[in-house]
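S.K.: Each chain is listed here by its residues.
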Amino acid sequence: MIVDAAWPVVVQAYLRAVLVDRTHLLLLSFAPGWHLLDLQGDPAFYGLAPEAPDGLRSLQDLFVGLPLDRDQDIPFVELANGRSAHVHLVADRDAFHVLLLDAEEARSHERVQQQLVHEAIIAGHAKSKAIGQLKDIRDELGRQRSSLEEANALKNALIATLSHEFRTPLTSIFGYLHLIERRATADATAAQALQAVRRSATYLFALAENLLEYGRGESSGALLNAVEVDLGALLADVEGMFAPLAEAKGVRFRATLAHDDATAPRFDEVKLRQIVVNLLSNAVRYTTRGEIVLALAWRDRRLAVDVRDSGIGIAPEFIGQVFKPFNRGAQAGSKGAGLGLSIVRRLVDQMHGTLALESEPGQGTHFSIELPSVAAIAAGPEHASTLRGRRALVVDDDADVAQLLEVLLEDLGFEVRVLGDAASAVARAMDESPDLLLVDVELPGLSGNAAVYQLRAQGYRGPIVSLSANATTDARDASLRAGANHYLTKPLNLERFVAVVRRAVGEGAKEAT
Amino acid sequence: MTPLTHKVCMLGDFGVGKTSLVARYVRSTFSDKYLTTVGVKVDSKEVALPGRDPLKLVLWDIAGRSALDAPSTSYLRGASALLLVADGTRETSLNSALNLLMQSRSTLPDAVAVLAVNKLDLVERWEVAATTLSELRRSLPVFETSALSGAGVEEAFAEIARRLPG
Ligand SMILES: Nc1nc2c(ncn2[C@@H]2O[C@H](COP(=O)(O)OP(=O)(O)O)[C@@H](O)[C@H]2O)c(=O)[nH]1
Ligand SMILES: [Mg+2]
Chain A
1 MIVDAAWPVV VQAYLRAVLV DRTHLLLLSF APGWHLLDLQ GDPAFYGLAP
51 EAPDGLRSLQ DLFVGLPLDR DQDIPFVELA NGRSAHVHLV ADRDAFHVLL
101 LDAEEARSHE RVQQQLVHEA IIAGHAKSKA IGQLKDIRDE LGRQRSSLEE
151 ANALKNALIA TLSHEFRTPL TSIFGYLHLI ERRATADATA AQALQAVRRS
201 ATYLFALAEN LLEYGRGESS GALLNAVEVD LGALLADVEG MFAPLAEAKG
251 VRFRATLAHD DATAPRFDEV KLRQIVVNLL SNAVRYTTRG EIVLALAWRD
301 RRLAVDVRDS GIGIAPEFIG QVFKPFNRGA QAGSKGAGLG LSIVRRLVDQ
351 MHGTLALESE PGQGTHFSIE LPSVAAIAAG PEHASTLRGR RALVVDDDAD
401 VAQLLEVLLE DLGFEVRVLG DAASAVARAM DESPDLLLVD VELPGLSGNA
451 AVYQLRAQGY RGPIVSLSAN ATTDARDASL RAGANHYLTK PLNLERFVAV
501 VRRAVGEGAK EAT
Chain B
1001 MTPLTHKVCM LGDFGVGKTS LVARYVRSTF SDKYLTTVGV KVDSKEVALP
1051 GRDPLKLVLW DIAGRSALDA PSTSYLRGAS ALLLVADGTR ETSLNSALNL
1101 LMQSRSTLPD AVAVLAVNKL DLVERWEVAA TTLSELRRSL PVFETSALSG
1151 AGVEEAFAEI ARRLPG
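Chains A and B are the protein sequences, given in the same order. So the first sequence is numbered by the working numbering: it starts at 1 and just counts up by one. So the second sequence is numbered by the working numbering: it starts at 1001 and just counts up by one.
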């Protein structure tokens, strides 16, 4: 009897319809151990399959940890088929019954209401955060306006992109020129045209590189993108570019390479190329007879670059001027932007090299440049030994960058270990507490910032330096907030790198904030 | 034979990622759509720990409620463990999680409790300070997790399993 027998029969029937039919009542009776004894209603409505071996497992799971000899009531249970039901357990003497009552309609109703409320609250949070962020951005803009450094960082990024954009099409122009010139069956006019194209392309190349370099401004220190340089390939490239130009003027062109140091030469290849291209452009422009010689020599961890020509030479009174920008007229008959040699001087300085110039009017000019390998700079005498035996852990997925960092740190005296992913770096750092942790921010999977945060959240106190290609203040702040002590941008400024590493190791950890 | 089974309740403010963590752990899926949980959804997963018999965790994904409500004791009853979930980008959700832990202690004095601070993939926007978590670690196991990337998720549940009687 579902309700009081004293009630009128029609009311009883009505209530039965409401309580049983409309709620899709399902009744399952069990003996202890969940042995199904009896079943009334439609189990499929709730996605249950009592006949299948595990068809009632989800019901059974629902009562894990609960006593089966006491009545239970679990409202709004989402079942495997997505329907919501109120689930009741009714204890019996040697058994128990499970009742399911459909709650889908009430649940949908409730969900719509709550969803609105929750979304409003979350949006409110996001809004107040966004307003806070806007305030920050306004402050930031104010700061940026007064910060030349920031503007420079942006400019550098733009220039780096542009420089790349220029180089790519020019490379293909040179490639095709080479291809066409090899099929040297052209008549005189065509050959001349090709020469003209080559001359113009070379000029454009040098000009673009120079303007871009000049646009970089008087950035202090060496922004280094050091890689292992294939000197033979470099030589072949510039020879391919300049030999035809020289020969077209009746000037001989020779290029030689001495490779006497067993270690691999490491330089900022773009800068090195720019130096050579500028010197050769100059030589070709001012030489009309005789020869031009390029000699590269790699020995004692130094690269000597010698460019000798038998051109018009430079009068002694002009020697001091040729390294100034826009020095039109310093060399008789000069044309062009006059940036070449000033840029060579700057690049050589940035690379911590030396430059010497000898010239005799009417006889020729000789530039000799010496560049120390990147690693040799890092290990300069003032840095000697104090860091000997310290342990550094480098986390970078870019093998080239990791290798560069390894070389630099080793030359500073560190014992270096390199890992390629953040997750294993967290475990390793917690384990070994290195004296210095260098983490790339842009790692695949767990980001460098997340790893740094995790370390600080585990109480890691060692010094951490983050490295990123992102030069914005936002990116820097995010890294420092995650718990890094210092933030360095790529390409590396070598002096800054060395200074930061020394500072980081010297001052020890700061409390993460 | 059927492995030993334990009830584990997910507790935390709405929107912190309780449903998402269960989805990541049990089904290796993630959705960025937010659908409010009403009532409870029960999922289960077997955990094999080295040197132990496998355990079965029955996960109760309970409707996200704010810390102002007492956790529905009818849902908590019988639980052996709690996975408290906070959202690293909302500092208040950490307080909620800790409040929920304290409130649930009256019903479940002995339950294993582990804290998951979720949305690690958004670490740049986190409000919760690393030092706060290193402090909290003295009193309960803490995991930074991301239901989106999966980071820390297995580890958090495995820690629960490790602390449950086998
Ligand atoms: N970025 C990110 N979003 C997440 C993460 N976990 C959950 N979410 C999102 O946060 C919102 C709330 O997640 P949900 O699991 O429904 O939270 P619940 O109310 O605690 O169950 C949803 O939009 C999810 O997609 C996470 O680890 N990272
Ligand atoms: Mg939910």
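Since the hints were derived computationally from the structure, they do not count as laboratory data. Just so it is clear, CB atoms sit at the ideal spot from N, CA and C, and this is done for glycine as well. It is possible that part of the hints are untrue.
So, partial list: chain A residues that the calculated Cβ filter (under 10 Å) puts toward chain B [claimed, not checked]:
#, residue
1, Asp73
2, Ile74
3, Gln192
Straight-line C-alpha distance at most 16 Å; calculated EDC-like pairs for lysine to aspartate or glutamate [unchecked claim]:
#, chain 1, residue 1, chain 2, residue 2
4, B, Lys1033, A, Glu119
5, A, Lys490, A, Asp398
6, B, Lys1045, B, Asp1032
7, B, Lys1056, A, Asp54
8, A, Lys249, A, Glu291
9, A, Lys127, B, Glu1154
10, A, Lys324, A, Asp349
11, B, Lys1045, B, Glu1159
12, B, Lys1056, B, Glu1127
13, B, Lys1056, A, Glu119
14, B, Lys1045, A, Glu119
15, A, Lys490, A, Asp397
16, A, Lys490, A, Glu442
17, A, Lys135, A, Asp349
18, B, Lys1056, B, Glu1154
19, B, Lys1045, A, Asp61
20, B, Lys1045, B, Glu1154
21, A, Lys129, B, Glu1091
22, A, Lys129, B, Glu1124
23, A, Lys129, A, Glu119
24, A, Lys490, A, Asp349
25, B, Lys1045, B, Glu1155
26, A, Lys129, B, Glu1127
S.K.: Does each hint hold? Answer for all of them.
M.R.: Hints, verified against the model:
1. Against a cut-off of 10 Å between C-beta atoms, the interface hint on Asp73/A holds, since the closest Cβ of chain B lies about 6 Å away.
2. At about 6 Å, the closest approach between the beta carbon of Ile74/A and any beta carbon in chain B falls short of 10 Å, and the interface hint on this residue holds.
3. Contact between Gln192/A and chain B, as hinted, is not supported at the beta carbon level, the nearest pair being about 59 Å apart and thus beyond 10 Å.
4. Proximity of Lys1033/B to Glu119/A is assessed by CA-CA distance (about 11 Å); at most 16 Å being required, the pair is judged to hold.
5. Between Lys490/A and Asp398/A the CA atoms are separated by roughly 12 Å; this keeps the pair inside 16 Å, and the hint holds.
6. For the given pair, Lys1045/B sits about 23 Å from Asp1032/B by alpha-carbon distance, which is inconsistent with the 16 Å threshold.
7. Distance hint between Lys1056/B and Asp54/A is fulfilled; the C-alpha atoms sit about 15 Å from each other, no more than 16 Å.
8. Pair hint Lys249/A plus Glu291/A holds up; C-alpha atoms about 10 Å apart against a cutoff of 16 Å.
9. Simply put, Lys127/A and Glu1154/B have alpha-carbon atoms about 33 Å apart, too far for the 16 Å limit, and the pair is violated.
10. In summary, the hint linking Lys324/A to Asp349/A is supported, as the alpha carbons are separated by about 14 Å, within the 16 Å threshold.
11. A distance of roughly 14 Å separates the Cα atoms of Lys1045/B and Glu1159/B; the hinted pair therefore holds under the 16 Å criterion.
12. For the hint pairing Lys1056/B with Glu1127/B, the CA-to-CA distance comes to about 34 Å; that exceeds 16 Å, so the pair is violated.
13. Using a Cα cut-off of 16 Å, the hinted pair Lys1056/B and Glu119/A is violated, with the two alpha carbons roughly 34 Å apart.
14. Annotation: proposed proximity of Lys1045/B to Glu119/A is violated, straight-line Cα distance about 30 Å (limit 16 Å).
15. Proximity of Lys490/A to Asp397/A is assessed by CA-CA distance (about 14 Å); at most 16 Å being required, the pair is judged to hold.
16. Annotation: proposed proximity of Lys490/A to Glu442/A holds, straight-line Cα distance about 11 Å (limit 16 Å).
17. Distance hint between Lys135/A and Asp349/A is unfulfilled; the C-alpha atoms sit about 42 Å from each other, more than 16 Å.
18. For the proposed pair Lys1056/B and Glu1154/B, the alpha carbon gap of about 14 Å is at most 16 Å, so the pair holds.
19. Restraint check for Lys1045/B and Asp61/A: the C-alpha separation of about 11 Å stays at or below 16 Å, so the hint holds.
20. For the hint pairing Lys1045/B with Glu1154/B, the CA-to-CA distance comes to about 11 Å; that is within 16 Å, so the pair holds.
21. Distance check on the hinted pair: Lys129/A and Glu1091/B sit about 12 Å apart at the alpha-carbon level, within 16 Å; holds.
22. Annotation: proposed proximity of Lys129/A to Glu1124/B holds, straight-line Cα distance about 13 Å (limit 16 Å).
23. Taken as a hint, the Lys129/A and Glu119/A pair is honoured in the structure, with Cα atoms around 15 Å apart against an allowance of 16 Å.
24. In summary, the hint linking Lys490/A to Asp349/A is not supported, as the alpha carbons are separated by about 20 Å, beyond the 16 Å threshold.
25. In summary, the hint linking Lys1045/B to Glu1155/B is supported, as the alpha carbons are separated by about 14 Å, within the 16 Å threshold.
26. Taken as a hint, the Lys129/A and Glu1127/B pair is honoured in the structure, with Cα atoms around 10 Å apart against an allowance of 16 Å.
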